[in-house]
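If you're matching positions, the sequence shown starts at 1 in my numbering and goes up one per residue.
Treat the hints as calculated values from the structure; they're not laboratory data.
Where hints are given, some of them may not hold.
Claimed, not checked - DMTMM-like, lysine to aspartate or glutamate: derived pairs with alpha carbons at most 25 Å apart:
{"#": "1", "residue 1": "210", "residue 2": "88"}
{"#": "2", "residue 1": "210", "residue 2": "53"}
{"#": "3", "residue 1": "236", "residue 2": "53"}
What the hints assert, rightly or not - Label-pair restraints from in silico Cβ distances:
{"#": "4", "residue 1": "258", "residue 2": "150", "range": "36 to 44 Å"}
{"#": "5", "residue 1": "336", "residue 2": "290", "range": "35 to 43 Å"}
{"#": "6", "residue 1": "120", "residue 2": "340", "range": "35 to 43 Å"}
{"#": "7", "residue 1": "121", "residue 2": "230", "range": "13 to 21 Å"}
{"#": "8", "residue 1": "230", "residue 2": "52", "range": "17 to 25 Å"}
{"#": "9", "residue 1": "286", "residue 2": "143", "range": "31 to 39 Å"}
{"#": "10", "residue 1": "286", "residue 2": "121", "range": "44 to 52 Å"}
{"#": "11", "residue 1": "146", "residue 2": "55", "range": "45 to 53 Å"}
{"#": "12", "residue 1": "255", "residue 2": "149", "range": "19 to 27 Å"}
{"#": "13", "residue 1": "92", "residue 2": "58", "range": "44 to 52 Å"}
{"#": "14", "residue 1": "233", "residue 2": "317", "range": "33 to 41 Å"}
{"#": "15", "residue 1": "249", "residue 2": "89", "range": "44 to 52 Å"}
{"#": "16", "residue 1": "53", "residue 2": "92", "range": "47 to 55 Å"}
{"#": "17", "residue 1": "59", "residue 2": "223", "range": "47 to 55 Å"}
Ideal placement from N, C-alpha and C gives every residue a C-beta, glycine not left out.
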Amino acid sequence: MGPQKTTTEAAELKSAHNNTHTHDYRETHDRAPASDVDSILEASRAADTAVPEGGYGWVVVAGLTVVAWWNVGTSYSWGVIQVALIREDVSPASTLSFVGSLSAAMVSAMALANARVIRRVGVRWSALLGISILGISEIACSFLVRNIIGLFFTAGLILGIGKSHCTMTQATAPPQYFHRKRGLANGIVVAGGGFGGAVISVALNALIEKVGLDWTYRVLGLSTIVTGLPAAWLVKERYPVRPSGFIEWRLFKDLNFVLILLAGAAATFPLLVPPFFIPLYGQSIGLSSRVGAALLAAFNFSSAVGRILCGQMCDMIGAVNTLFVSLLITALSMLVIWPFSTTFAPLLAFSIVNGLSNGGFFSIMPTVVGNVFGSARVSVAMGMIVTSWGAGYLMVIDVHLDAKFTYVLNTDDSFRAHRSLVTYSMLTADRRTDIGHIGRQFCILGQ
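From just these sequences and the hints, can you work out the full model?
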């Protein structure tokens, strides 16, 4: 009986050892008080030592890449739809840009609420809900495409709610499966949005020419549901997201968090201006709608490449350092290349360079948050940070509600009018570099 007991105990000890990493995260958080920031960070680091660095994580990345394809890709293709709506006299550009910006702003407005949804139901159901809302809202758009009020609700408000669900899921799931390759994993996920935007922008322009806006929206909505739902079902968390408060107020006492929040808030001000206005601006300098769609596709493709490269750089030189480089290149592209973009060649150069750094921002931020503040609080910390992006997303709205620019756009269709508007919108880019530099001085480099 003695040897048998010893063997049994050894087997139990071995089983317990194999499950240590699985339960370590939960047990540590059960012991750690929710208000103790350091305890949560230490628990995150303990959990990170046991991440598989792949495995089913690559399946999750693949699923989220498809989710991002539709979530981000449709946002970055709005410029094509906007040109078509203007051509059909649905509403002036000063109003239609409001619709596109509203959907983006809803990502920020709903970020904290959707972070809570993830903690309650998990990333899978959040992704399924987000994709379902995206598809249904796009199909609804097809019946209200010539009703500007209807577009505000469907293409603006409802679509934005779906995007927020998808965005928070994209930021929350990958850090649970990756540590050393976290930047690359995040980069691949959001690169799906860049590739999606490249393909969707060209496809939308072709569909609009052949079947009109109504059926274009129906095809878009059905495609989102048919391909997006199976992909969303593949997404699952490695461990349940830690329950926490709606807002983690203690983070505001962390200088690193405040600086990253401010840097992100400033950085988003000009980010949506190029994808929203490249097709419209191209038309104002005499380019066809097909060329405008191709320029937007180049921007989106370059954005996808930039997201992967910046994700890889996060793992090599640190997420905060990569964020600084990305913001600097974005600012320089707007200050150095854009003023000369009066013909096709320089406009193409601007689309490529700005796309590279523009897209990188969205792959870097989840990595910065996970590395600096802990993978265990990615959902709540990203929710707080994404909420601060709302003002930047509404920048396009702010410009077009300005009486001067509304008058100019509605009465002058020349390239000078459009260039003045876009330049005004993007001038905040140099401010983001200053904040990024300050953040670089204080944040933990090499994370």
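Against the structure, the hints come out as follows:
1. A distance of roughly 15 Å separates the Cα atoms of residue 210 and residue 88; the hinted pair therefore holds under the 25 Å criterion.
2. Between residue 210 and residue 53 the alpha-carbon distance is near 46 Å, which puts this suggested pair outside the 25 Å criterion.
3. A threshold of 25 Å between alpha carbons decides the hint, and for residue 236 with residue 53 the separation of about 15 Å falls inside it, so the pair holds.
4. Between residue 258 and residue 150 the beta carbon distance is about 40 Å. The supplied range of 36 to 44 Å therefore holds.
5. Between residue 336 and residue 290 the beta carbon distance is about 28 Å. The supplied range of 35 to 43 Å is therefore violated.
6. Checked against the hint of 35 to 43 Å, the C-beta distance between residue 120 and residue 340 comes to roughly 51 Å, which is inconsistent with it.
7. With their beta carbons about 19 Å apart, residue 121 and residue 230 fall inside the hinted range of 13 to 21 Å.
8. Checked against the hint of 17 to 25 Å, the pair residue 230 and residue 52 passes, with Cβ atoms roughly 23 Å apart.
9. One distance hint, 31 to 39 Å for the beta-carbon pair residue 286 and residue 143, holds here, with the actual separation near 34 Å.
10. Separation of residue 286 from residue 121 is about 51 Å and conforms to the stated range, judged on CB atoms against 44 to 52 Å.
11. For residue 146 paired with residue 55, a C-beta distance near 49 Å keeps the hint of 45 to 53 Å intact.
12. For residue 255 and residue 149, the hinted distance range of 19 to 27 Å is not satisfied, since their beta carbons lie about 45 Å from each other.
13. In this structure the hint that residue 92 and residue 58 lie 44 to 52 Å apart at CB holds, the actual value being about 46 Å.
14. Separation of residue 233 from residue 317 is about 36 Å and conforms to the stated range, judged on CB atoms against 33 to 41 Å.
15. Checked against the hint of 44 to 52 Å, the pair residue 249 and residue 89 passes, with Cβ atoms roughly 49 Å apart.
16. Range check, residue 53 to residue 92: Cβ separation about 51 Å, and the 47 to 55 Å hint holds.
17. Hint check: residue 59 to residue 223, Cβ distance near 22 Å, so the stated range 47 to 55 Å is violated.
Against the hints set out earlier in the document, violations occur for numbers 2, 5, 6, 12, 17.
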